[in-house]
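So the sequences go chain by chain: A and B.
Using the working numbering, the letters of the first sequence map in sequence onto residues 1 to 525.
Using the working numbering, the letters of the second sequence map in sequence onto residues 1 to 231.
Hint data in this document are derived by calculation from the structure and do not stem from the laboratory.
Backbone N, C-alpha and C define an ideal beta-carbon position, used for all residues, glycine too.
Heads up, some of the hints might be wrong.
With the Cβ distance kept under 7 Å, some of the chain B side facing chain A (calculated, not the full set) [claimed, not checked]:
#1 F49
#2 T65
#3 P69
#4 L95
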Amino acid sequence: MARRAQPLSPALALGWGAAALLLALTLGTILAVAWRAEAAARLGAADWAAIRFTAWQALLSAAISVALAIPAARALARRRFRGRGVLITLLGAPFILPVIVAVLGLLAVFGRAGLVSGLIAPLGLGPLSIYGLQGVVLANVFFNLPLATRLILQGWHAIPAEHFRLAAQLGMGPAEIARHLERPMLRAVVPGAFAAIFLICITSFAVALTLGGGPRATTVELAIYQAFRFDFDLGRAALLALVQFGLCAIAAAAALIVAVPVAFGAGLDRTVQRWDAGGRAYRWGDAALLTLVAGFLLLPLAMVAAGGLAALPGLPASVFEAALRSLAVALASTALTLGLGIALASAIVRLRDRPRRAGFLEAVGYLSIAASPMVIGTGLFILLFPVADPVALALPVTALVNAAMSLPFALRALIPAIRDVSETYGRLSESLGIGGWTRFRLVTLPRIRRPLGFAAGLSAALSMGDLGVIALFADPDQATLPLQLYRLMAAYRMEDATGAALLLLCLSLALFWIFDRGGRVGTDT
Amino acid sequence: MGLTLEKLLIEIDGFSIAGDLTVATGRRVALIGPSGAGKSTLAAAIAGFIAPARGRILWEGRDITALPPGDRPLTLLFQDHNLFPHMSVADNVALGLRPSLRLSAAEGARVDRVLDRVGLAGQGAKRPGALSGGQQSRAALARVLLRDRPLLLLDEPFAALGPALKAEMLALVEEIATEAGLTVLMITHDPADAERLAQETILVADGRAAPPVATGDLFADPPPALRAYLG
Chain A
1 MARRAQPLSP
11 ALALGWGAAA
21 LLLALTLGTI
31 LAVAWRAEAA
41 ARLGAADWAA
51 IRFTAWQALL
61 SAAISVALAI
71 PAARALARRR
81 FRGRGVLITL
91 LGAPFILPVI
101 VAVLGLLAVF
111 GRAGLVSGLI
121 APLGLGPLSI
131 YGLQGVVLAN
141 VFFNLPLATR
151 LILQGWHAIP
161 AEHFRLAAQL
171 GMGPAEIARH
181 LERPMLRAVV
191 PGAFAAIFLI
201 CITSFAVALT
211 LGGGPRATTV
221 ELAIYQAFRF
231 DFDLGRAALL
241 ALVQFGLCAI
251 AAAAALIVAV
261 PVAFGAGLDR
271 TVQRWDAGGR
281 AYRWGDAALL
291 TLVAGFLLLP
301 LAMVAAGGLA
311 ALPGLPASVF
321 EAALRSLAVA
331 LASTALTLGL
341 GIALASAIVR
351 LRDRPRRAGF
361 LEAVGYLSIA
371 ASPMVIGTGL
381 FILLFPVADP
391 VALALPVTAL
401 VNAAMSLPFA
411 LRALIPAIRD
421 VSETYGRLSE
431 SLGIGGWTRF
441 RLVTLPRIRR
451 PLGFAAGLSA
461 ALSMGDLGVI
471 ALFADPDQAT
481 LPLQLYRLMA
491 AYRMEDATGA
501 ALLLLCLSLA
511 LFWIFDRGGR
521 VGTDT
Chain B
1 MGLTLEKLLI
11 EIDGFSIAGD
21 LTVATGRRVA
31 LIGPSGAGKS
41 TLAAAIAGFI
51 APARGRILWE
61 GRDITALPPG
71 DRPLTLLFQD
81 HNLFPHMSVA
91 DNVALGLRPS
101 LRLSAAEGAR
111 VDRVLDRVGL
121 AGQGAKRPGA
131 LSGGQQSRAA
141 LARVLLRDRP
151 LLLLDEPFAA
161 LGPALKAEML
171 ALVEEIATEA
181 GLTVLMITHD
191 PADAERLAQE
201 TILVADGRAA
211 PPVATGDLFA
221 DPPPALRAYL
231 G
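Taking the hints into account, I'd like the entire structure generated from these sequences.
Structure, rendered in structure tokens:
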């Protein structure tokens, strides 16, 4: 088929520009790190311990999350009850929950002075301690059990309803249904869920910073931070950054091989009618399990809310200043994410006749899934150090890195939406001579408002709650709210910390809600 | 003169359609043939969405083969999605005048006039979703009037309407075409449509678009390919 020559339109140029920026941020920083690491010493025993711990906690976290998620997803798939939709929505919430808020909540429930320790003290047990491996794994499971449950629930929903009808007619019980229908599905879905969670836990920083530490519970990501912040040993930080990049690359390659399922599938509200597992034991078992899961997710947050409310009025001014700084960073990061996301997605859709180029742009957009914020931060520091004061740039750098980290999720929402507009209204727009900026303003933008609002909400909430690069760069006057909260915790000012955690939780959820809502209001078509 | 397809050949993924014919200015011509014969492909090529493998497309002797779709002297009405659902009916129509939608007062008045002309007076502020199928077709035709391009291509835009509404729309097309002196090319699979609107008919079958023949003559003595289609 003859093809009209495509000049490099402004839209395509923007897309390639965005890709270049992302490549510089992810791979460019690695080059900077590698260049700096040359002169460095070899890895010491502590570094090897960090590597082993990183892999071990990620493996444990992924295994426990998936093992619990399978029965939880099965219970959700085969039961219909009031509040089921709310519970499924709740399972999506940890994604936008600031890590440090959850850690504080988990401490209030499972910590030395927490709820559970208080309950078992009269029995002569405890107190519990969740510092170290068990705490890191507990927090990782808190975040990833819901994700695993949603991923596996999607697998259950992918089994056609007709199959369950046929199974019921043939008189299959739960055991036969498990063997003929459910286990084949799990074999396809579980490896992907496991790999996704393993990859997430490999880059665990905030959890390890707050609950880990010490020679026995330091992740590589945390070791980079410590080499950088405490020893200011750039060479060792760089070497560790290379190790971390290698770990991420291996985990990402494994995830690619087993094909990670998409986290935001539609149609989870649907229930499939089932005729098996109607026995009392099954029903009570499912109910108990779901209650435990919901309690595990809600109780820590309830503790933060209950404890924080009283502390809120007396919070020091520094907390509110940090909150304003975080809001500014979150909004800037959201604007960047949307700008990069729209530029990349538009270029990818335009390049439909050039699948290789489109695929390359898409891969660049998703690259940050496997990137480590600490590695990017170290690289940026090395690059910026000779020309500018990295500390002065702490907030802009944080906004930029946050934008890159939430871009994959934005792209996942934007690419299908923009492709759909182009396929449905592309010819009409062209035939009416609507092109360029006019077309974007009049046709594309109004039609992608929903996914755009969703992407903006995710991006704002993720940035608001992020405790990562900022810890590397900031001095005390420039703390974001999560960092300020961490400092309060480190100073054992738990009351103020809980108040700040409630503030952070409310701001993160409010940002998500406002943007997501903004995308829906008035879209009647 | 009118519209000339000069030794035109379109190829897509192993499928091809050829045409070498002229449609005289001001004529209303039907394109009829079995589905999958390439009627829509032909229209898409004339409208500029598909580049032909060989040959040229001319309007009044001017080569338009390489022009982008928006610059061609024609308006194409699609089978569906002729209106943007998120814009008001008036905005949808006004796009035919100014794609930027920045209208002067005089231009706004023109939009109102064409809405009035197609029987949609007072409906301009509504969204297309609030209109009936027939009214949506009227809005699309109002835009044809504003665009003021000499050639109108209809790719079965009324296929989803019932018989009475479809007859009404074809009558409106005939009125508008006569008033504005438009040349009309209408794709259809229904011989009754052709007989109602078109003075001439082009048979599209077996990978080829035949030159136009007077519609009455064609159906009175159908060639084998048309006979096979009519059954």
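Consistency of the hints with the structure:
1. F49: Because about 6 Å separates F49 of chain B from the closest Cβ in chain A, which is inside the 7 Å limit, the hint holds.
2. T65: Hint violated; T65 of chain B Cβ to chain A Cβ min 10 Å, cut 7 Å.
3. P69: With a minimum Cβ separation of about 4 Å from chain A (threshold 7 Å), the hint on P69 of chain B holds.
4. L95: holds (5 Å)
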